[in-house]
Amino acid sequence: MTEYRIQGNTGEWEVVIGLEVHAQVTSESKLFSGSSTGFGAEPNSHVSLVDAAMPGMLPVPNRECLRQAVRTGMAINAQINRWSRFDRKNYFYADLPQGYQISQLYHPIVGEGEIEVTLNEKDPDSPTKKIGIERIHVEQDAGKLMHDQHPTMSFVDLNRSGVALMEIVSRPDISSPQEAGAYLKKLRSILRYVGSCDGNMEQGSMRADVNVSVRKPGGELGTRTETKNVNSIRFMMQAIEYEAQRQVDLIESGGAVVQETRLFDANKMETRSMRSKEDAHDYRYFPDPDLLPVELDDAFLEECRASLPELPDAKRIRYEAMGLTAYNAAVLTAEAETAFWFEDLLAEGVDAKQGSNWLMSELFGALNKTGKTLDESPVNPKQAAELLGLVSDGTISGSISKQVFEIMLETGQAASAIVEEKGLKQTSDTGAIEAEIVKIMAANEDKVAEYRSGKDKLFGFFVGQTMKAMQGKANPQIINDLLKKALG
Amino acid sequence: MSVDKDTVNKIARLSRIAISDAEADKMVGELNGILAWVEQLGEVDVIGVEPMTAVIPNTLRLRDDVVTDGDVRDKVLANAPAKEGSFFGVPKVIE
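Same order as they appear, the protein sequences are chains H and S.
Note that numbering that gives the first Met the number 0 has the first sequence beginning at 0, numbered continuously upward.
Note that numbering that gives the first Met the number 0 has the second sequence beginning at 0, numbered continuously upward.
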């Protein structure tokens, strides 16, 4: 990958980045209780006595949350630990009613794995790099605090308290903001394929803690800072740029980086120290006595593996083998929803090349214009397949199909109904086409002469004129054949 | 293993328990008594013995992913020292 260097007064600096990504596990109920995980509910309505940490309440783990963590681990070729354990991470804060978070420090459910990223996923020649994953563990989310509703009080909503998170910890293998962005995108894509997290950063289902340090190229690792809870890929890249430059400036002006927790302020585009007390990180972890160790058996692991979908890298290679360009294959597989849409189209009998070209130019073009996502597409794969079928069986021409598609987008009518109603069927009536050709040749005698004297390029002019006279409905192959005959 | 007064004060601070100087002194003695008592276990040779997680053979029970609880806001808020509408109220904790 391209080398990212910060130019300081004392020479070049390189940046060392590690990411801890918190991904909310897709599940109906919470990690240790039967409360709903639904987003946007009335405050404190999705809270049970377990989530509120009432005395005597005991946690019972949700099988699905463990299953999704294991499937995610398998998707990044990670070691799956058949034996893992929950620990208590002790700290006091108003959003944490238990006074501890149930997490996994010593024995996480997923061990080492890796993710391969490319800096530009749309460029098949872009270099790739493997980013190591140190571990994935499962833990509880905290509640939400609101500070601006009352002069002296903060308000607490525990709806999120106890929702399952996967913490996905990378190795410090990332060496530029661009690589960090590519890593987060790829990770999000994998999570969405697996179905273990919706990857929705705006709603907070995925957020990153960013560890950054700087050093002279190849030198000893510097002291790192951790910027907490960054909730977009763009912000994360900005936070890294700012933080790396700040550290370089600090060191070069004779200061030293302090290991601390920082916040990213998206308005000012800067990171700030959270100035937490020195012993805030004394978490006094110990095994949670309320929970036995997690032991996964063969049947459980087998089901996890069998239920994994084809993942983006494998899909991309298969699409290329089907004859798609590397670019199309990369774009269609980057997001699960695009790949699934494309595959639904193929399942309706559409040719892979025709389908991919149409999807990338016509459908994406139309969605872009109207600012819609694929999920909101007014045309579904079945309807699209009907349209493309009319082109491939010669009923309509490619150019007419664009007109038909526009009408489909507006009215939601079926392609065949539009073709019927507007009389757009392509004609292979050689008599009608020949009659037009005669007229055009008569009206353009000079051009006919030029063509016959060797100006081959004029052929396109005659095709265009004939197609125009036929109102776009003539079969282009037949026009070609007849023109060649007529012009001699 | 034993604790000194600084450690006792630190644990108290981390636990958000206010203790007076006199209480801290008393606590040092009590905690060290407890630690010494537990430390007797150190006399047992456990080399090669796996840590035990349950007295009887037992495995972790798991739940199915179904919503079976919640929607008890009034119960949850009933004992709150302060509440405002549907929220718990706590002293402002922003820096």
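Just to be clear, a hint being listed does not mean it is correct.
Claimed, not checked - Subject to a maximum C-alpha distance of 30 Å in a straight line, what follows is the list of computed DSS-like cross-link-like pairs (lysine-lysine):
#: 1; chain 1: H; residue 1: Lys88; chain 2: S; residue 2: Lys74
#: 2; chain 1: S; residue 1: Lys9; chain 2: H; residue 2: Lys227
#: 3; chain 1: S; residue 1: Lys91; chain 2: H; residue 2: Lys267
#: 4; chain 1: S; residue 1: Lys91; chain 2: H; residue 2: Lys88
#: 5; chain 1: H; residue 1: Lys88; chain 2: S; residue 2: Lys9
#: 6; chain 1: H; residue 1: Lys368; chain 2: H; residue 2: Lys424
#: 7; chain 1: H; residue 1: Lys184; chain 2: H; residue 2: Lys371
Hint data in this document are derived by calculation from the structure and do not stem from the laboratory.
Hint-by-hint comparison with the structure:
1. H:Lys88 / S:Lys74: holds (27 Å)
2. S:Lys9 / H:Lys227: The hint holds at about 26 Å.
3. S:Lys91 / H:Lys267: holds (24 Å)
4. S:Lys91 / H:Lys88: Between Lys91 of chain S and Lys88 of chain H the Cα gap is close to 23 Å, so the pair holds against 30 Å.
5. H:Lys88 / S:Lys9: holds (17 Å)
6. H:Lys368 / H:Lys424: holds (27 Å)
7. H:Lys184 / H:Lys371: Roughly 20 Å between the alpha carbons, so the hint for Lys184 of chain H and Lys371 of chain H holds.
In summary, the structure agrees with every hint in the numbered list given earlier.
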